[in-house]
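Asker: Read off the chains here:
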Amino acid sequence: MRQPENIPIPASFSRDQLQTVGDIFVENPRIQCRNVDVYYGEKHAIQDVNLDVGRNEVIALIGPSGCGKSTFLRCLNRMNDTILGCRVNGEIKLDGLDIYADGLDVVTLRAQVGMVFQKPNPFPKSIFENVAYGPRIHGLASDKFELEEIVEKSLRRAGLWDEIKDYLRHPGTGLSGGQQQRLCIARTIAVNPEVILMDEPCSALDPIATAKIEQLIDDLREDYTIAIVTHSMQQAARVSQRTAYFHLGKVIEVGDTALIFTNPRHQLTEDYITGRFG
Amino acid sequence: MQKSTLLLLLLLISVYAFHVGQKRSQEIAQGKIKNLHSLPKYYGYYTALWAFLPALLLLFIWLGFESPVINHSVIETLPEESRSLSNDLKGLLINDIHNSLSGSAGETKPELKAAVEYLRDLKIWSNWLLSFLAVSFAFMGMYFARSRIRQGHRARNQVEKTVMWFLLGSSLIAILTTVGIVLSVLFESIRFFGKIPLSEFLFGLQWSPQIAMRSDQVASAGAFGAVPLFTGTLLISSIALIVAVPIGLMSAIYLAEYASLGFRSVAKPLLEILAGIPTVVYGFFAALTVAPFIRGLGADFGLDVSSESALAAGLVMGIMIIPFVSSLSDDFINAVPQSLRDGAYALGATQSETIRQVVIPAALPGIVGGILLAASRAIGETMIVVMAAGLAANLTANPLEAVTTVTTQIVTLLVGDQEFDSPKTLAAFALGLVLFLATLVLNILALHIVRKYREQYE
Amino acid sequence: MSNQKEDSKYSNQGIRTHQLVKAGLPRRRAKENRFKAYGLICIVAGLGFLVILFGNIISHAWSAFEQTYIALDVTFDESIIDPEGRHDLETLTTADYPALLKKSMSALFPEVKERQQKRSLNGILSSGAPYELQRFLQQHPALLGKTERVWLPVDDDVDMLVKSQIDRTVGEADRRLKDFQIAWIDKLIADGRLEKRFNKQFFASGDSREPELAGIRGALMGSLFTLLVTAVLSLPVGVASAIYLEEFAPSNRWTDIIEVNINNLAAVPSIVFGLLGLAVFINFFGLPRSSPLVGGLVLTLMTLPVIIIAGRSALKSVPPSIREAALGIGASQMQTVFHHVLPLAMPGMLTGAIIGMARALGESAPLLMIGMVAFIVDVPGSLTEPSTVLPVQIYLWADSSERGFVERTSAAILVLLAFLITMNGLAIYLRKRYERRW
Numbered sequence: 018m019r020q021p022e023n024i025p026i027p028a029s030f031s032r033d034q035l036q037t038v039g040d041i042f043v044e045n046p047r048i049q050c051r052n053v054d055v056y057y058g059e060k061h062a063i064q065d066v067n068l069d070v071g072r073n074e075v076i077a078l079i080g081p082s083g084c085g086k087s088t089f090l091r092c093l094n095r096m097n098d099t100i101l102g103c104r105v106n107g108e109i110k111l112d113g114l115d116i117y118a119d120g121l122d123v124v125t126l127r128a129q130v131g132m133v134f135q136k137p138n139p140f141p142k143s144i145f146e147n148v149a150y151g152p153r154i155h156g157l158a159s160d161k162f163e164l165e166e167i168v169e170k171s172l173r174r175a176g177l178w179d180e181i182k183d184y185l186r187h188p189g190t191g192l193s194g195g196q197q198q199r200l201c202i203a204r205t206i207a208v209n210p211e212v213i214l215m216d217e218p219c220s221a222l223d224p225i226a227t228a229k230i231e232q233l234i235d236d237l238r239e240d241y242t243i244a245i246v247t248h249s250m251q252q253a254a255r256v257s258q259r260t261a262y263f264h265l266g267k268v269i270e271v272g273d274t275a276l277i278f279t280n281p282r283h284q285l286t287e288d289y290i291t292g293r294f295g
Numbered sequence: 055m056q057k058s059t060l061l062l063l064l065l066l067i068s069v070y071a072f073h074v075g076q077k078r079s080q081e082i083a084q085g086k087i088k089n090l091h092s093l094p095k096y097y098g099y100y101t102a103l104w105a106f107l108p109a110l111l112l113l114f115i116w117l118g119f120e121s122p123v124i125n126h127s128v129i130e131t132l133p134e135e136s137r138s139l140s141n142d143l144k145g146l147l148i149n150d151i152h153n154s155l156s157g158s159a160g161e162t163k164p165e166l167k168a169a170v171e172y173l174r175d176l177k178i179w180s181n182w183l184l185s186f187l188a189v190s191f192a193f194m195g196m197y198f199a200r201s202r203i204r205q206g207h208r209a210r211n212q213v214e215k216t217v218m219w220f221l222l223g224s225s226l227i228a229i230l231t232t233v234g235i236v237l238s239v240l241f242e243s244i245r246f247f248g249k250i251p252l253s254e255f256l257f258g259l260q261w262s263p264q265i266a267m268r269s270d271q272v273a274s275a276g277a278f279g280a281v282p283l284f285t286g287t288l289l290i291s292s293i294a295l296i297v298a299v300p301i302g303l304m305s306a307i308y309l310a311e312y313a314s315l316g317f318r319s320v321a322k323p324l325l326e327i328l329a330g331i332p333t334v335v336y337g338f339f340a341a342l343t344v345a346p347f348i349r350g351l352g353a354d355f356g357l358d359v360s361s362e363s364a365l366a367a368g369l370v371m372g373i374m375i376i377p378f379v380s381s382l383s384d385d386f387i388n389a390v391p392q393s394l395r396d397g398a399y400a401l402g403a404t405q406s407e408t409i410r411q412v413v414i415p416a417a418l419p420g421i422v423g424g425i426l427l428a429a430s431r432a433i434g435e436t437m438i439v440v441m442a443a444g445l446a447a448n449l450t451a452n453p454l455e456a457v458t459t460v461t462t463q464i465v466t467l468l469v470g471d472q473e474f475d476s477p478k479t480l481a482a483f484a485l486g487l488v489l490f491l492a493t494l495v496l497n498i499l500a501l502h503i504v505r506k507y508r509e510q511y512e
Numbered sequence: 005m006s007n008q009k010e011d012s013k014y015s016n017q018g019i020r021t022h023q024l025v026k027a028g029l030p031r032r033r034a035k036e037n038r039f040k041a042y043g044l045i046c047i048v049a050g051l052g053f054l055v056i057l058f059g060n061i062i063s064h065a066w067s068a069f070e071q072t073y074i075a076l077d078v079t080f081d082e083s084i085i086d087p088e089g090r091h092d093l094e095t096l097t098t099a100d101y102p103a104l105l106k107k108s109m110s111a112l113f114p115e116v117k118e119r120q121q122k123r124s125l126n127g128i129l130s131s132g133a134p135y136e137l138q139r140f141l142q143q144h145p146a147l148l149g150k151t152e153r154v155w156l157p158v159d160d161d162v163d164m165l166v167k168s169q170i171d172r173t174v175g176e177a178d179r180r181l182k183d184f185q186i187a188w189i190d191k192l193i194a195d196g197r198l199e200k201r202f203n204k205q206f207f208a209s210g211d212s213r214e215p216e217l218a219g220i221r222g223a224l225m226g227s228l229f230t231l232l233v234t235a236v237l238s239l240p241v242g243v244a245s246a247i248y249l250e251e252f253a254p255s256n257r258w259t260d261i262i263e264v265n266i267n268n269l270a271a272v273p274s275i276v277f278g279l280l281g282l283a284v285f286i287n288f289f290g291l292p293r294s295s296p297l298v299g300g301l302v303l304t305l306m307t308l309p310v311i312i313i314a315g316r317s318a319l320k321s322v323p324p325s326i327r328e329a330a331l332g333i334g335a336s337q338m339q340t341v342f343h344h345v346l347p348l349a350m351p352g353m354l355t356g357a358i359i360g361m362a363r364a365l366g367e368s369a370p371l372l373m374i375g376m377v378a379f380i381v382d383v384p385g386s387l388t389e390p391s392t393v394l395p396v397q398i399y400l401w402a403d404s405s406e407r408g409f410v411e412r413t414s415a416a417i418l419v420l421l422a423f424l425i426t427m428n429g430l431a432i433y434l435r436k437r438y439e440r441r442w
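Protein chains in written order, with our numbering: chain A, 18 to 295; chain B, 55 to 512; chain C, 5 to 442.
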């Protein structure tokens, strides 16, 4: 996956270059996307995207507003199904199985591919109930003790346990923004997914809360595959191993995060990273 | 002159006054409107208001005092023995005289002939005096306003101030209505509780106002115990809610979460038609079709169902309030932010799990508010129960028997002869007071919950 | 390391999770489908009620638009009508028309001799038939002394039999028509003398104790007058109130109280407004009982909250930028509202007002309290005459025991619903036509 050192990197690609620059393939991928197109009614939101997501890696999806990175993320656990008039063409495979196949139940898919949203969205229930909700509906705990164990483990994993262990019965909406977001992450972990999608998880948070979440993402990488959409290039650089740059619904460049930020190959990527637009 | 003709005449004078004022201001402006403080039309309005409002005020005052003054002077002309009668009898006498004048009483009694003549003269005289005064007020107002027009006269501000008073006054009518309701039911209720103790009314188990009338005495103990009416009202309202809440709520859920846009745009307005149908139609439907149907159905199962069963009235009332539950619930379900649904879907919850465990709990306060409003509607509903429920005050919880309700009794007590000194008529106002207070509490509670809920998501 | 250990534990658990989710899936999907089905069933039930209600009313109502008439050959015998030979209109109004009709009926059934039977025979005719005959002769005075075939309304029982709403198979004792009467009627039908014709009476006359003579004209006029009063009072006051509360009212306690108060009034049971009308307008101000004036006043108070609430939301939907634009070029607040905001909000306000009026038109409970429930035959001609309104007329007829009133009640309901649908349709049209998105 690493770009061999000896290949000379061209100074720039022309702006109308359509082929994705960089290595879209990884060995033993968790998610494979091939020729993915997404339409919102007439609007062609995602155009012919090919991308792999490896195991236990954090991939950052960056790009200017409206470039389709969130839309693409929502394709990966079929959250787009809830949007009226949204169509997805192409092939997305999770562990080699097509997630848009007819026989596949979206419920199992979403149990495997969890998602954390831009704005923290705890349910108007207690903290305990928030985390216990997923295991409960899926029947993951055989008794009350097991459920409590899952809740505690998830909250610990999300780094929230010490802060709120005495307030488990308090409403989740009463926490601070950063705590709420970590609660949402704990809620996602409690289902024990394989992949976690994060849609700008820190955009509504202050810097300290953001730092905690970033630390958490780094920790979680050991167990999960994570795809994160972010507006902040620093964040992408800090948490991800690979980065994909989206522009007007297309993946322009994919590659090792370090390389993308230090040595972008496509003109558009460079423009974006150097702050010429975006 | 008829009062309506007079009013029309006053309006015409005001239109004329508008022109007078406008013209006057143009004269004063000497061709340059810039010289005026306000546009000429405001001077027109100013003059018109001065012509119309004082005359209108006079008209209202006159209308308020005309009949008492006339009646008093007519009584004065009657012989001594009539003047010494009690107030009630005097009222009857005055009625007789008025009826004789309008010719609806047939033969005029000879001893009243002079009074009738006098009344006729007074009425004609009063009418002409009023017309003369009102028209002169109008013209005086107009000339007064015209004389006040100067270049710097702030006509617009004064017109706007008047309009402002009208706007403020209009919005106070709502307050006056409430005060009117409270006072009207309260006064008669206090008179009622002067005759029947409050505790007996609230806790008594016997309701038979008609018996009290027949024995021609102040009600014997237990005749005005309203408990059977309260239980009857509760029974029918509960049946209505048992029908309406599940159907309304599930319909709202289906419309908000599952239905396609096309289906929703057809089904929602159709359901709401149910709320627009006059209640008298439901009453007719209940009495003519539903009650016999239920009775027949009961007979098939060997049950003896009353032909005025609480079940029939409650069922039909339930149908009526389905839209109240469904459209409010629909609003509140839609107000639940999509992010909460997304959160649940992202965990792998199915749609029904999301709805039952996330959406409905989040919308619950609003839905409860809606149900309370529907309950208030059911308690106050009149025509359905008047037409389909019984009159006998049975203390029972059996929906197959006939029960009576608060509203039914109010109608029964007040339709027909009213005697404002008998507890029978006054009881209706006491029941009205209870009804008003009960619905007031429900409404305020519901409105408060709904308002709180709206703030939470806005 | 512990990390290593947890890692393997997690991946094991991952497989377990997957299996658990899969295992529960069929049950959850079934539950999902059931839930969705419940929702659909409830909507279908709600709409089903609507269909049953309308179907029920229409099926009862349609026959009321026809009335059975009998063809009688009436001899306008001068010796009966004008025995003194005065030849003036006065005689025509006071003449003994029942006698003419009796003669014509006897001519049809000469075999009926017995007194009791004769009375039954004449009972086939409506008790309003003599008046019909009188009107007919007054229009055609030239027929005096001649014989003419006249179509006259029959009694409601006969009408019901012809419309097959009386069950002939029921035992004679339980029937309002006896066997011999049915035999007469069958003979009349066979002779082509009984015919169902359009029921003009229903639209042209006021109330009556006889179903075949009863009409909704009086109630319609009463409703018209009542609504007129309501519209004239509630529109300006409602609009003014909405403007004040939305545009001018300072936000303080008083405004809050007014607002809560209006929202509450909108949910106060209508019968309570009736009590207010009785105590205040009739007992205190001494306005005439049963009159459209009082009815209109009561309905005004009831409709005002609806109009105010609709008006306020219409005003609220006008964006503040419009107000700022007008104020910015030096218009006074009053000018801003009346020149710019109000015209934009007017369609919305009108829609609310029409819906409020439609509700007032269908209202009956408060009008019972103020005596608009009296039996009134005459069609009212002014605001102060006793009258009734359409919904109350429906209530009165629904209470009558005669079979003939059932179909007339339903027909009156249809007329009422037609008015309501028209009004609501107009409101929807206005909303669609002038709807603006900002």
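Derived by calculation from the structure, the hints in this document are not laboratory data.
A few of these clues could be false.
Partial chain A-side listing against chain B, Cβ under 7 Å, derived [to be verified]: (1) Y57; (2) L114; (3) A128; (4) K136; (5) P141; (6) S143; (7) A158; (8) I181; (9) I225; (10) K229.
As a list, the in silico DSS-like pairs of lysine-lysine whose alpha-carbon atoms are at most 25 Å apart [unchecked claim]: (11) K215/B <-> K320/C; (12) K322/B <-> K107/C; (13) K136/A <-> K215/B; (14) K106/C <-> K170/A; (15) K110/A <-> K320/C; (16) K40/C <-> K107/C; (17) K106/C <-> K506/B; (18) K322/B <-> K40/C; (19) K322/B <-> K142/A; (20) K170/A <-> K110/A; (21) K191/C <-> K106/C; (22) K161/A <-> K107/C.
Each pair of labels, with its calculated beta carbon distance range [what the hints assert, rightly or not]: (23) F355/B <-> E176/C: 55 to 65 Å; (24) E439/C <-> L226/B: 52 to 62 Å; (25) K57/B <-> D382/C: 19 to 29 Å; (26) A187/C <-> D358/B: 37 to 47 Å; (27) A118/A <-> I498/B: 32 to 42 Å; (28) V320/B <-> G28/C: 29 to 39 Å.
Where is the CB? At the ideal position from N, CA and C, for every residue including glycine.
Asker: If a hint holds in the structure, say so; if it doesn't, say that too.
Answerer: A quick look at each hint next to the structure:
{"no.": "1", "hint": "Y57", "in the structure": "violated (15 Å)"}
{"no.": "2", "hint": "L114", "in the structure": "violated (16 Å)"}
{"no.": "3", "hint": "A128", "in the structure": "holds (4 Å)"}
{"no.": "4", "hint": "K136", "in the structure": "holds (6 Å)"}
{"no.": "5", "hint": "P141", "in the structure": "holds (5 Å)"}
{"no.": "6", "hint": "S143", "in the structure": "violated (12 Å)"}
{"no.": "7", "hint": "A158", "in the structure": "violated (14 Å)"}
{"no.": "8", "hint": "I181", "in the structure": "violated (18 Å)"}
{"no.": "9", "hint": "I225", "in the structure": "violated (23 Å)"}
{"no.": "10", "hint": "K229", "in the structure": "violated (20 Å)"}
{"no.": "11", "hint": "K215/B <-> K320/C", "in the structure": "holds (23 Å)"}
{"no.": "12", "hint": "K322/B <-> K107/C", "in the structure": "violated (62 Å)"}
{"no.": "13", "hint": "K136/A <-> K215/B", "in the structure": "violated (50 Å)"}
{"no.": "14", "hint": "K106/C <-> K170/A", "in the structure": "violated (102 Å)"}
{"no.": "15", "hint": "K110/A <-> K320/C", "in the structure": "violated (50 Å)"}
{"no.": "16", "hint": "K40/C <-> K107/C", "in the structure": "violated (72 Å)"}
{"no.": "17", "hint": "K106/C <-> K506/B", "in the structure": "violated (76 Å)"}
{"no.": "18", "hint": "K322/B <-> K40/C", "in the structure": "holds (17 Å)"}
{"no.": "19", "hint": "K322/B <-> K142/A", "in the structure": "violated (31 Å)"}
{"no.": "20", "hint": "K170/A <-> K110/A", "in the structure": "violated (30 Å)"}
{"no.": "21", "hint": "K191/C <-> K106/C", "in the structure": "holds (18 Å)"}
{"no.": "22", "hint": "K161/A <-> K107/C", "in the structure": "violated (96 Å)"}
{"no.": "23", "hint": "F355/B <-> E176/C: 55 to 65 Å", "in the structure": "violated (32 Å)"}
{"no.": "24", "hint": "E439/C <-> L226/B: 52 to 62 Å", "in the structure": "violated (32 Å)"}
{"no.": "25", "hint": "K57/B <-> D382/C: 19 to 29 Å", "in the structure": "holds (23 Å)"}
{"no.": "26", "hint": "A187/C <-> D358/B: 37 to 47 Å", "in the structure": "holds (39 Å)"}
{"no.": "27", "hint": "A118/A <-> I498/B: 32 to 42 Å", "in the structure": "violated (55 Å)"}
{"no.": "28", "hint": "V320/B <-> G28/C: 29 to 39 Å", "in the structure": "holds (36 Å)"}
Checked against the numbered hints above, the structure violates hints 1, 2, 6, 7, 8, 9, 10, 12, 13, 14, 15, 16, 17, 19, 20, 22, 23, 24, 27; every other hint is satisfied.
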